[in-house]
Amino acid sequence: MTPERWRRLEELVVRLEPLAASARRAVLDSECANDPELRGVLEGMLEELGRDETQDWIGSSIHGSLPEDLHQIPDRLGPYRITGEIGRGGLAVVLAAERDDREFTRRVAIKLIRRGLDTVDLLLRLRQERQILARLNHPNIATLIDGGSTDDGRPFVVMERIDGKPIDVYGRDLPLRERLELFVEVCEAVQYAHRNLVIHRDIKPANILVTAEGRPKLLDFGIAKVLQPTADSDRVAKTVPGLRLLTPEYASPEQLRGEPLTTATDVYSLGVLLYELLTGERPHALLLGDHRALEAAIASAPPERPSQRLLRRHEASAKPRGKAVTGDLDNIALMALRPEADRRYVSVEQLADDIRRYLGDMPVRARADTVGYRVAKFIRRHRLAVSVAAVSAVILVALSLVAWRQARLATQGRLASDRLSEMLVSLFELPDPGDGRGATITALEILDRGAVQALDLEEQPETQARFLDTMGRVYNNLGLYPRAEDLFEQAVALRRDLDEPLALAESLNHLGEARYHLGHIDRAEAHFEESFAIRRRAIGEDRLEQAGTLTNLGAMRLWRRDAEAAERLWRQALDIRRRHQGEHGDLAELHDNLATLLAQQGRTEEAERHLTTALDLHRLYHGEGHFETVRTMANLAALLHNSGDRDEAEDLYRHALAAQVQALGEDHPQVSRIQTNLAALLAFENRLVEAEELLRRALGSLRSRLGDDHLEVTYPMLHLADLLVKEGPARYDEAAEFFGEVRRVRRLASPADSPLQLNPLMGIARLERLRGQPAAARLAALEAQALSLQLHGAEHYDTEEANAILRWAEETLGPSGPPVDEHESTLDLAAEGVESQVDTVGGHVDPQRR
Amino acid sequence: MSAVSAATTQLTDLLTAWSEGDDDALETLTPLVYQEMHRLAYHYLLGESPGRLQPTELVNEAFVRLVENDISWTGRAHFYVVAARTMRRILVDLARRHAANKRRGSRREESLWDGDELRFDLPASPALSTVDVLVLDEALTELRLYDERKSKAVELRYFGGLSVAEVALVLQVSVPTAERDLRLAKAWLGQSVRTTKTSGGT
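Residue numbers (the working numbering), protein chains in the order written: chain A, 1 to 850; chain B, 851 to 1052.
Everything labelled a hint here was simulated from the structure, so no lab data went into it.
Just so you know, not all the hints are guaranteed correct.
Claimed, not checked - Going by beta-carbon spacing under 10 Å, a handful of chain B positions derived as facing chain A:
(1) ALA875
(2) PRO881
(3) ILE921
(4) ARG926
(5) VAL985
(6) LEU1021
(7) ARG1030
(8) TRP1038
Unchecked claim - Only part of the chain B face toward chain A is listed, based on derived beta-carbon distances under 7 Å:
(9) PHE913
(10) TYR930
(11) LEU986
(12) GLU1016
(13) GLN1022
(14) VAL1023
Positions of the beta carbon are idealized from the N, C-alpha and C atoms, including for glycine.
Starting from the given sequences, assemble the full structure and let the hints guide the process.
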């Protein structure tokens, strides 16, 4: 046959196939009149095409040509008589067997494991697991009966024999409701096992057989764990531990990565099963054995909604099925399939419960995922490229100071003091019912009680100091800095008297931190220096214990605008941590800090790299909702905000805000900072009502936590003042008051030549210009002009604006007449508003002229 | 096992070279793949493990053993092309030897598997549910003359054990096109094999 002839053949087949027999004959008669051979082939092909598509004769021919290997199957295994073969998988052959007891014959299935797996190790694990697995006694779980090894050393597992069809086959023709009921029954079995502390690890249709009575039975519970090879095998290490034994398309992302597993892995696999029961397809396909591509696909986007998958299909039945699945079932499946384990259903029970709710027409828990995925998507997208912002300053929510985990390190194993544990226990005893409040007791009350009880420890100064220090750390984490300061101060005093240099260094570090938060930078820095020096004398410089203090010292240097020194210190700390700890959650804060510094220098891309690294580490080591994870997220939002990507920034701020409120409470300074930044963004977009509300809340919280004279309170205040100016003349007086207050506090809290002084001065000058008060405007503008000249030079927009206001003021005041045109433009600019922008140290949003 | 990783690196490099247009690389890498897969087939069949030889599994196992995991997609695709062809060769060799042994009336002599007894059961029924793999092989070779892509699709799907989506990926066509190719190829092969059978030739 020539290629031309082949093409003609193909054309004709395609043309003929949809036709009825008579029409086919007509075409064949005319097209193949002189070519009986072609006609023969055509008729043969059409006949083949008319056959049942599912009949896979090529596949069975290939398999049929393979040699039988029944000779390898023994007649008996232990007390079991082999009667036949049930099935084969890559891992094992499953045999039907019987055991004759006195009264009855017990029918079992025996899974004979392939040789080549490390038998000794496997048998050992099997023995360890067997007792646990044998305890699983549930009508939907096939019982594990026994296990052993053949004479030639192949391990086998004996199970209850189930006659049934795999759930995907069984469910294919069932109505949706029945499929879902079947699924719920499967969930119940898995949940039962979870309660007994057994994870299945390999949930897939082949492991769920449905009996003739319609009862699903789960096979191979926990077997995957037994079969999972240890990581030291060379071949396995080359891929991913345990992966070869799994069906990757049902494996959770954490399983694909070879990480330790929790019950969440079964939730994921059940999600895949649900998806398959709904659509007949798996959410993601493994292609060409590329596990990494599969993993990347899972991580990069949620799977296509089951309803979409159905609606895309051509068959007529798919459309109504797709409609039925739209909404709740989509959400349920996708929630179970979330790549991050802690964002799935918390338990299989919840998953099953949502299906039951759906079946009972009740509202389900699952909601379409929006912000979370958008955050994740954002992070991925921006990992590649972030435009360098035109503005030089950067918002960052806070510098992170490390102390806690390092302290944990130092105190580990030393908390054994009887008296101390006794005291800690007493803290959690319920309050006296006589106080009229029943059993309600807040964490704060516990703490306060502890602080009082610490006094009882006087005869044991070491324990007392440790106790005070511990309590101080808790207060500090709660943002209750004055109380923390008080306790740390006591701890330091006690430890100075004791001969415990390392403990003293630790407390000094803590005290420094509390004082930093309280705005006492000089004293904080001195504490860090002393802490560092004490340790250097005692144990040297290059020690893990020093990393936290180095980090804190770096923060002080940055505060003093010595970025070079800060970067050097942080890189040193990073180096120490890497060498002593390897990859570790503690690295995250350093990345966070370096990002702050880089962002301030306009090195946005580098900053972002550090932030995403920090975020990854936080997520991995501290979890999604941890306040440090959220802080980094808020920093990322600030970076975006500053790059002008306000939509993404807003989403991320809101996400972080909700999470941080949950983690730390409404009034924590970290919450206030996010509120302030978000408000700045909203104000820029003229969404003034919400912005004002956020700012007032932030201001209130900060004042109550830190007092009226703390630098921190000036940030929301400054934004509030700017916002009020935007609102118009009716609110100018209020604005003026806030500007004045900002000015007052900043003069107290930072040096006269600090860039922090410029914004309130500019704000006052602008406002007085608007109010038509040349004398007051002139006063502020003069100061602003001088400072801006010194900080930024003559070309800077602040300098220029100050000049313009100054000229206006002088002309208005002087005898020479009314202002000229160019001043109008100044006015316009001022009225147009301020762009939220970002401050250098401590990371807050400061308004600046655009 | 540094030897394995050296071989792995070599094969990965060869696949990369081939996928970048170096056709000589194919000649060097084919025997490597054949050797490994042959060894695996031997292992699977010789009581080293229970379980019949499964093409998909064997090919995947060969991949895991032979190729570095971070190989490019094109390299990966090229591997499966070679592996599917190799699988076909192994099965055809196996069937030929079996047929030869049968003619000689000896089942132990000159076995592919070094003297170990293998039992082959050729399908007795003329029904298309199974045909001799040698007949299939011949038909496939003929198809290749007319339409290389379709014969390749069949090879990948049935000897390489790839899914339709994977076949499409390797052949760089859409999934519907791959489905159509497979369907038409199967129809042609079906009628061809039937004709062979009824005409009594092999």
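Check: For the hint on VAL985 of chain B, does the least C-beta distance to chain A fall short of 10 Å?
Finding: holds (8 Å)
Notebook entry, point to check: Does VAL1023 of chain B meet its interface restraint, that is, does its C-beta lie within less than 7 Å of any C-beta in chain A?
Noted result: violated (14 Å)
Next item on the list: Would you check whether ALA875 of chain B satisfies its interface hint, that is, whether its CB is within less than 10 Å of any CB in chain A?
Entry: Status violated, d = 19 Å.
Next item on the list: Let me know if the C-beta of ILE921 of chain B comes in closer than 10 Å to any C-beta of chain A, holds or violated.
Entry: Result: holds, 9 Å to nearest chain A Cβ.
Next item on the list: Tell me if LEU1021 of chain B is really an interface residue toward chain A, meaning its C-beta lies closer than 10 Å to one of theirs.
Entry: Given a least distance of 12 Å, the restraint on LEU1021 of chain B is violated.
Checklist line | Interface restraint verdict for GLU1016 of chain B against chain A (beta-carbon cut-off 7 Å) | finding: holds (5 Å)
Notebook entry, point to check: Should the hint that TYR930 of chain B touches chain A count as held when the rule is a Cβ pair under 7 Å?
Noted result: holds (6 Å)
Note to self: Just to be careful: measuring from the Cβ of PHE913 of chain B to every Cβ in chain A, is the smallest value less than 7 Å?
What the structure shows: holds (5 Å)
Next item on the list: Against chain A, run the beta carbon of LEU986 of chain B and see if the smallest gap drops under 7 Å.
Entry: holds (6 Å)
Notebook entry, point to check: Holds or violated: ARG926 of chain B as interface residue toward chain A, Cβ cutoff 10 Å?
Noted result: holds (5 Å)
Item checked: Given hint PRO881 of chain B near chain A, where the shortest CB pair must fall under 10 Å -> violated (22 Å)
Check: Does TRP1038 of chain B pass the interface hint, meaning its C-beta sits closer than 10 Å to a C-beta of chain A?
Finding: holds (6 Å)
In terms of the numbered hints stated before, the structure departs from hints 1, 2, 6, 13 and 14, listed from lowest to highest.
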